[in-house]
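Chemist: For reference, the chains in residue letters:
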Amino acid sequence: MFVLSLMLAAAMWELYKAIGPETGGKVLGMRVLPKAEDRVMPHVWEMFQRFGRAEVRSSKDTVLEAVVSGAWYSFRIALAGLALGTAVGFGLALLMARFRVVERGLLPWLVVSQTVPLIALAPLVASWGGKLHIGGFTWQRWMSASIIAAFLAFFPMAVGALRGLSSPPPAALELMDSYAAPWRSTLFKLRIPATLPYLVPAFRLAANAAVAGTVIAEISAGVRGGIGRLILEYMREATGDPAKVYTAVFGAAAVGLLMAGLVAVIEMTATRHLRKEEFA
Amino acid sequence: MTEIAVPTGQVGAAAAAVEARGAAMTFNAGRPNEVIALAPIDLTVAPGELVSLIGPSGCGKSTLLRLIANLLEPTDGSLLINGKPASQARLDGDYGMAFQQAGLFDWRTVSRNIELPLEIKGWDRARRRARALEMLELVRLCDFADHHPWELSGGMQQRVAIARALSFEPKLLLMDEPFGALDEMTREHMQTELGRIRAATGAAVIFVTHSIPEAVFLSDRVAVMSARPGHIEAVIDVALGERTELTRGDPLFFKHVTEVREALRAGHGVGGGMEDR
Chain F
38 MFVLSLMLAA AMWELYKAIG PETGGKVLGM RVLPKAEDRV MPHVWEMFQR FGRAEVRSSK
98 DTVLEAVVSG AWYSFRIALA GLALGTAVGF GLALLMARFR VVERGLLPWL VVSQTVPLIA
158 LAPLVASWGG KLHIGGFTWQ RWMSASIIAA FLAFFPMAVG ALRGLSSPPP AALELMDSYA
218 APWRSTLFKL RIPATLPYLV PAFRLAANAA VAGTVIAEIS AGVRGGIGRL ILEYMREATG
278 DPAKVYTAVF GAAAVGLLMA GLVAVIEMTA TRHLRKEEFA
Chain A
385 MTEIAVPTGQ VGAAAAAVEA RGAAMTFNAG RPNEVIALAP IDLTVAPGEL VSLIGPSGCG
445 KSTLLRLIAN LLEPTDGSLL INGKPASQAR LDGDYGMAFQ QAGLFDWRTV SRNIELPLEI
505 KGWDRARRRA RALEMLELVR LCDFADHHPW ELSGGMQQRV AIARALSFEP KLLLMDEPFG
565 ALDEMTREHM QTELGRIRAA TGAAVIFVTH SIPEAVFLSD RVAVMSARPG HIEAVIDVAL
625 GERTELTRGD PLFFKHVTEV REALRAGHGV GGGMEDR
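Protein sequence lines correspond, in order, to chains F and A. For the first sequence, the working numbering gives the first residue as 38, with consecutive numbering after it. For the second sequence, the working numbering gives the first residue as 385, with consecutive numbering after it.
No lab work stands behind these hints, which were simulated from the structure alone. Mixed in with the good hints there might be a few duds.
Pairs of lysine-lysine residues, derived as BS3-like cross-links and limited to a Cα-Cα distance of at most 30 Å, are as follows [unchecked claim]:
| hint | chain 1 | residue 1 | chain 2 | residue 2 |
| --- | --- | --- | --- | --- |
| 1 | F | K54 | F | K72 |
| 2 | A | K505 | A | K639 |
| 3 | A | K468 | F | K226 |
| 4 | A | K505 | A | K555 |
| 5 | A | K468 | A | K505 |
| 6 | F | K226 | A | K505 |
| 7 | F | K226 | A | K555 |
Quick caveat, the model's predicted, so the values are computed rather than measured.
Isolated chain A, as found in the complex (with noise of 0.2 Å):
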């Protein structure tokens, strides 16, 4: 690890989780096959929000989560993670982040998986395990600490993919349709635990996905996005207050439903590639 103690831009509690500046990105650029997956966003997400990115297909809000993580570099513009440059951050380990898959290490038990992003950074054994014990317990799995990932569900090893995310207390969540891939109970059970898990740690947390009522369920702004070049179309906020099995019910949800697919119809002709669920 290289730690470098100059510290970059102001480092503060005003410091938005992420404030990009006009970051674009262009792929192969000035070649026959160059690609403008991103044209120049604007985006600011506050200390402890949670900000979807929705779109269909191709509309670059993976690629723009990659700039975020700094897994890619912007071809243009700029990006600061809690008022530092992403690269910073990511050194930093200023944000978690989980995917589709839970991608969890087979070989590895479901408390040593926790503690491996711990491990990189160089935490000693007791430290380690007792952090991970603490985020077991925060994602309610205290009796798998020592089984393998195989042996958990689809759902239950997402949850330790969080844990994993969370472990060194990033203020940042990082997701890319971390949920896509489970059954809709399980999706729906998770969402609700992924507000409490919220509400315990006060990370802010940026969020993709397919999903509307999803996106709608969890955000506090939902920001959706076209492609063809990639860019944020429009951005809804969310007033629903706390979110609860009821939330899912209210009128005011199925408003703020009808509000974001009416977002990407204008963004897209149709909403295609949209889930309805």
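The shape of chain F in the complex, shown without the other chains (with noise of 0.2 Å):
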């Protein structure tokens, strides 16, 4: 299926092309329609075909090589940063869950730290990065993406272990109490639980925030070596060579597809033993 939707994507960006104005459609002199010139819209078989060609006229690396490294080096700074935000979401939604007090003056800067943009902040965290130096430990420029990967995905996990941490009903609580159960039995035998299916959501967004994260992280913080890089070195030469900026593009893309296959299986062995209805 996903095949076939391929297929129809591409079919319809060659028709586009086939029908499409050459110079681009423009209504009241604003430009809605695209140019359908090669220039700006190669064809797709022209993209592919760049797979297979030299990176630079001097390299015998192929762009396809080029790509898949770079994708590669991004998916582990995602996965990084996806793990650290993971952990610093559920962290924080535990304190939320456990003192109210936490939950009223923490959520709001949670919020808002959402809306910082992100173009702004990277740089400013792999030049704080890079004057960190503990004992033999020196910061990677790597690290700043992960950084940057992780405050994105930390929200909607935090959001979502909150939820499930406080999702069970009174009754199961007055028999927790009922058994004088302290917190900590309460926490790991009916709060932890009963938040899995909050989680199962809440980690598919935060895989894909942290991907994004990655890729813009890499662009305005100058990170080397991953896909990011490659897109805005790839743009730099789109003029003359249009099909290359779209094989980083499918780099991109082939990052958050892995990440995706990644999340799935990880929700399917955590989530075998629970009954099926609760996942649609």
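Could you use the hints to bring the two separately framed chains together as a complex?
Modeler: The following block contains the structure:
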């Protein structure tokens, strides 16, 4: 089904190229339709052919090799960011669930944190990180990108986990109280298991956010080696080599797909023993 | 778990299962939205006795149950469970509790649900497992040990909840409309089952219900409550001997049903909100 929809997308692209206006469509002087010429919209097959050719004239590496290695690099950054974001998000949710005061004080800040423009934040994080030297630990540039990814990923986790942790009905909490259960028992035997159905969609959102955060951070903080950097570099060559930038875009999509696949596998293992209807 | 080894009150065979002396509950005391949920209540429940609390909505019967369970602290008066203060009784696991919703944990199998209170009380795995199987035998669900709750009917789920409440052998079982969500046939079956389980365990039971026949069929005594503020209007002794399916057709049974209904009317003008089933 996915392959079919890909082919459909490719066909629509080519269809527009065939019937769309070469110079773009204008309404009242505003360009509303993109130009259909080859420099702006290269043929789909050209994009794929570009994968097989050398990345730059002098190198013997193909574009495919460059994009795959870039995508793999970004995937690992995103994964580290997702792990960090998940841990931080869940930790914050625990704090908020434990202390109502923390929830009231912290939740608005979490919401505000997501409105900070990443483009502005990324170079800041990179420069702070660069000044960081603790013992033998030196800050790597990729860590900045992971931090940015985590900064985006933690939010859905925190909100989802908080909802899940406070989801048990009063009767279930009374039941635990009637056993004189300490807070820790209620947490591990009731609250955390009840959170799982809420974590599944939150984790999905966090994974997407981590990928987006990674690509944006690579572009704006200038992290070399990842797919974000490739998009930036290839974009500069777009006038002379329009198909090339699309190869990097496909690479970024591949990172997202890989992440989605990984998340699906994690979900399946985590929810194996649960009632199926709860996960539509 | 905090185990406090200081015996409080006289804990012995003679101690009443529940002894409420002037126990009262006022919510939001001293504020504009103050509600007197319970006027001072005196109630004594003997070991092994089943007492029903019946009354219209808002008469404080669930509040009284929560006071006994120490889920709420009374604003006045005192409560002794098995001769100890209610707070100590809760720590000691002196009572088990069952609610209208079975409230089983979906992510646990039936037997692991029954083991839940035992886990919290720190029993080891083998002992927990053995006890869970015993309890399943008691509620006749041995074949369902490794099923998940959602695979069970409502009546079966409620039996699991009762097994869970009795798993640590409390001498008192607190039930808050446990059969309220079941259909009529299942409900009657569960009432008979409860009688059998009670005979097997010897636990005292406090049973909150909306249904007059249910209260009469199950109870040694029925405490009729009325509202504004919640108090016990009358306590009716039910002398029906051993209950069987025939009891439901016994003229004496109907006499008691009428007696309870009249007590409810006396306390509330009409027996409003009561079910005649």
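Chemist: All the hints need checking, so say for each whether the structure fits it.
Modeler: The hints, checked one at a time:
no.: 1; hint: K54/F x K72/F; verdict: holds (9 Å)
no.: 2; hint: K505/A x K639/A; verdict: violated (45 Å)
no.: 3; hint: K468/A x K226/F; verdict: holds (28 Å)
no.: 4; hint: K505/A x K555/A; verdict: holds (16 Å)
no.: 5; hint: K468/A x K505/A; verdict: holds (19 Å)
no.: 6; hint: K226/F x K505/A; verdict: holds (13 Å)
no.: 7; hint: K226/F x K555/A; verdict: holds (25 Å)
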